[in-house]
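Line by line, the protein sequences give chains B and C.
Under this note's numbering, the first residue of the first sequence carries the number -19, and numbering increases by one thereafter.
Under this note's numbering, the first residue of the second sequence carries the number 132, and numbering increases by one thereafter.
What the hints contain is simulated information worked out from the structure, not anything from laboratory work.
Please note: incorrect hints may appear among the correct ones.
Some, not all, of what chain B presents toward chain C, calculated at C-beta under 7 angstroms [said to hold, decoys possible]:
1) 10
2) 117
3) 140
4) 271
5) 275
6) 304
7) 308
8) 345
Ideal Cβ positions, reconstructed from N, Cα and C, are used throughout, including at glycine.
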Amino acid sequence: MDNPFQKQLGWKQKKESIYLWVFRLCTYTIIAAALFIFSDIFIKGVPTFFKSEAPYVNTEFFTESPQILSVWHDQNGQEYSMSQKNYEQWVVAHPEKEIVDLHNLTASGGGILGPLVGTALLVFICMVIALFIGVSAAIYLSEYCGKGKLMSTIRLSILNLAGVPSIVFALFGLGVFCWLAPVITDVPKDSAAFFCRWFWTNSYLSFQGWGTSLLAGSCTLAIMVLPVIITACEESLRAVPKGFREASFALGATQWQTIRKSVLPFAVPGILTASVLGITRVAGETAPIMLTATMTEKSNLPWEQVEGPWSFLTQSVQALPFHIYTLAKFPESEHVKPMQYGSIAAFLILVMSFALLSVILRNRLRNKLKW
Amino acid sequence: MNRKSDLADGACFKRKRGFRLMGLNFNADGIVRGFFGGNAYLAILFLLFICIFLFKSAIGFIPGFRTELSEARISGIEAANHMNYQLVGYDALYTKVNQAFINEKRAKFGNLATLVPIYEEFESIIDDELEDKVDEYTEMDDSEEKQAAAIKLTTLVTKACGEVSTEELLKTIQSRLPQTTEISDNTYQKALQYAHKYALNDYETPDEINEIPALINDQMGAFNKAMDLIKTSDDELREIYQEIEKIATKTNITISDNRKNLASITSLKDELKDNANDSQVAQAIQTRIKELEPNIIEIDPAKNILPIYEIIAKHDPAADNMVNQFQKGINLLETAEITTEKSTILIHESSRLFQELKEIVTERKSLLAEWKHDKPVTMWNSITAFFFGSDWKTGSDRQSLYGLMPLFSGSLLISLVAMAIAVPLAIGAAIYVNQFANKRESRILKPSIEFIQTIPSVVLGLFGVLVVAGLLQGMSEVSWLSWIPGFPIQDRLNVLLAGILLAFMACPTIFTLAEDALNNVPKAYSEASLAMGANKLQTVLKIIVPASLSGIIAAVMLGFGRVIGETMVVLLVAGNKARIPDLSQGVGALGESVHTMTGIIAQEYGELEPGVLHWKALFMVGLVLFLISLSINSICQRVISRKTS
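Bound conformation, chain B alone (with noise of 0.2 angstroms):
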């Protein structure tokens, strides 16, 4: 039965639900553009991790580097599609079958294990220079230095930084690290920006470069990734109560132990959200690792072929980000359509696996320290 009391809807609460029709629109076609995307790559990407046989998982996309991806028709029509190794061998194993139609696809075959090492090389190397620089200068900010001009400079110049493209800083790194960066070395380059004598051995110091390399894609990255730690940290070391501080000092403490037994402590949790963030903005990038750290004819993992520490740190590395733009170039083919979903899957989910865990950080840290 109606309610005879009930008021009809004047034309302004009519508008004003339209409205929120609107608004509500706008949120959610948002949310079902992300669950498109997310949905239509696990649902395409997925299948490749796992295999319908014995060990049902896909052991040779994750233990194997991507090959050249053969494929070809035998003399009945059949299409087959292998890595070149196994191509290989099975020309040795059916000399019986006739190949038609050979062609070859770069780095569509094999797995992504090369790229997966690689990226987990950079991004340790880089947030291990980042936080060693990030951490100290959000305590010099929060602890030592005063509202002074110098210091909003550098908070100006922290920001500014953020917002810098990260093509910007590949290029800069690429400029700096891969180009003009000091080296010592027996053998100076000519293209040397610069080089002498290095004290009285026979070695030089020659500015050179450190070429396409795993310490200059990492110093580029950690670059990029300051102005996001040193923010974060220097927000989850000033959110640590005045008090703390100033009872420590009450007590006799220098600045340093009031810091060290005080302070941060209580900060650490923070400083390890800020830096899973950090991780999470590094993974992903790509403009800065495809012009200073990768190569795409490199098909080694990193400790193949290298002598000493050095050399290590200064070859060329794949990655997965580039991995999947050297997948890209070729979006009409069927045949690489797995390794295509397959690594973006894989990406994905390593970086969101990363963004999540930040998140609960976040709020254990929110429920646990209550000031």
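Following the hints, complete the assembly by docking chain C onto the known chain B.
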């Protein structure tokens, strides 16, 4: 006792002081402080260093580009470019008209046109499968037997041709005439008849088949005549252009070789001065100088430069001729009978473009009349040629052109499209989540939208290439959507696609910041408004949004900064063709492929030695990007800080 003496000395009241030097404290605390401080200053140093390095690497570009430009002027390449520019315009126009022509032809004589490929398909079947039979038949003497054999052969041909299914046939024909949708029975039978004739006539293609293209063209009447006029209108100009290009390129190579040789001679001479004492080294250097010197070839004005003036004198009549002939063609087109809508649109567009071509020709004519090979190129010319140049052409033997305009306009257009999509969505979402959603809803919505930020751009780019590109193109070809301006889209990878993907990337940035700004509006504002009897919507639109407007603007600008600096998405989906989008066609420009400032750096950095002009040009582009993002950022900071104060 001991204690007392300490007190007496006053040692326990003494401040522990470390070693001081130049005002710096070298005790433990001072060192720690200095260490942390040093790291903080590193950030500012990085920013400074990036500025300095970018400037240093980029600034050499302007004099270097000036040298190249002046060499191009002396050798006459510049004049050739003026002519080429007109020809490029002509080509674009010709393609349009030709499209209209082909389209019209297909509409009018579609069946006749498909006859040829079908017939040819049959011909190849006969060649492949019935060769013996045909040979056998040909070698027969004229008799009754032969007539019987002829009937047998025709049935064989019909059978062989019938084995090819209609779909297969259609597919092969579509590969040649993509717009064919069906094969009519009539056409099929005709083709079969001709195939019989072919088999019976000792592999001789029937005359009717050979005449078909000419027949069609004849029946196109005025259109065909117009096409004849248009097709030949550029011949004269093109001939002149090729002539001038040949001379100018040769001179240009000589000049740039001379410059390189001169540079190495000067550096060798410097070395000679340094090694003046060591006679052996000095001699070696001198011999090298002597080797290099004959390589320097004087430019002979009479031989290298005067011919260019002679050719330029021929340019004006040739260009006029082209325009006049084209005009005649266009006039004819207007009288021609045109049936299809598509052709009408294309021709209408062509006559509009023709007006532009006329303008281009008059402009270039006056430029060529003023052209002098020895007019000096100033630094200012070089700067304007970079910032306003309309061509970015690298990687060929010919003079490289570094014009920022196509890249800048591409970047800007993509960013504008992205912002046009992202701003309403993100701000609408921010208002909804902050004001209208209940607590539980907003606790789910907020992190999910923020979560989008974590999708790496390269993943989004690949997703765009694999999925969204196909969707967008498929959608643009659906007939009931064709009323949308700009549909169907010309290129698979285009501005709109890049804009959509970037909008998705910018949404979370704008959303987060705008939501923050809305959150910062004091509660008293909305309470006061509600107390005055305003409803929720009025409060939101008239009180809360205006109060947080500065924050929202900052959010939009930061989103813009993020979009214009994005690299991987545009590199993968913008199509990477360095040309200025043709805005005169309205929304259709969104369907074009463009190149961007970020994309060009990522695409062309490889295999460049530092210091070459191309490298410096890329750094110039990087510098422009850097300055854009820096200015956007600092404006935002000012807006935000003014709000908080």
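We went through each hint and held it up to the structure:
no.	hint	verdict
1	10	holds (5 angstroms)
2	117	holds (4 angstroms)
3	140	holds (5 angstroms)
4	271	holds (6 angstroms)
5	275	violated (10 angstroms)
6	304	holds (5 angstroms)
7	308	holds (5 angstroms)
8	345	violated (15 angstroms)
Checked against the numbered hints above, the structure breaks hints 5 and 8 and satisfies the rest.
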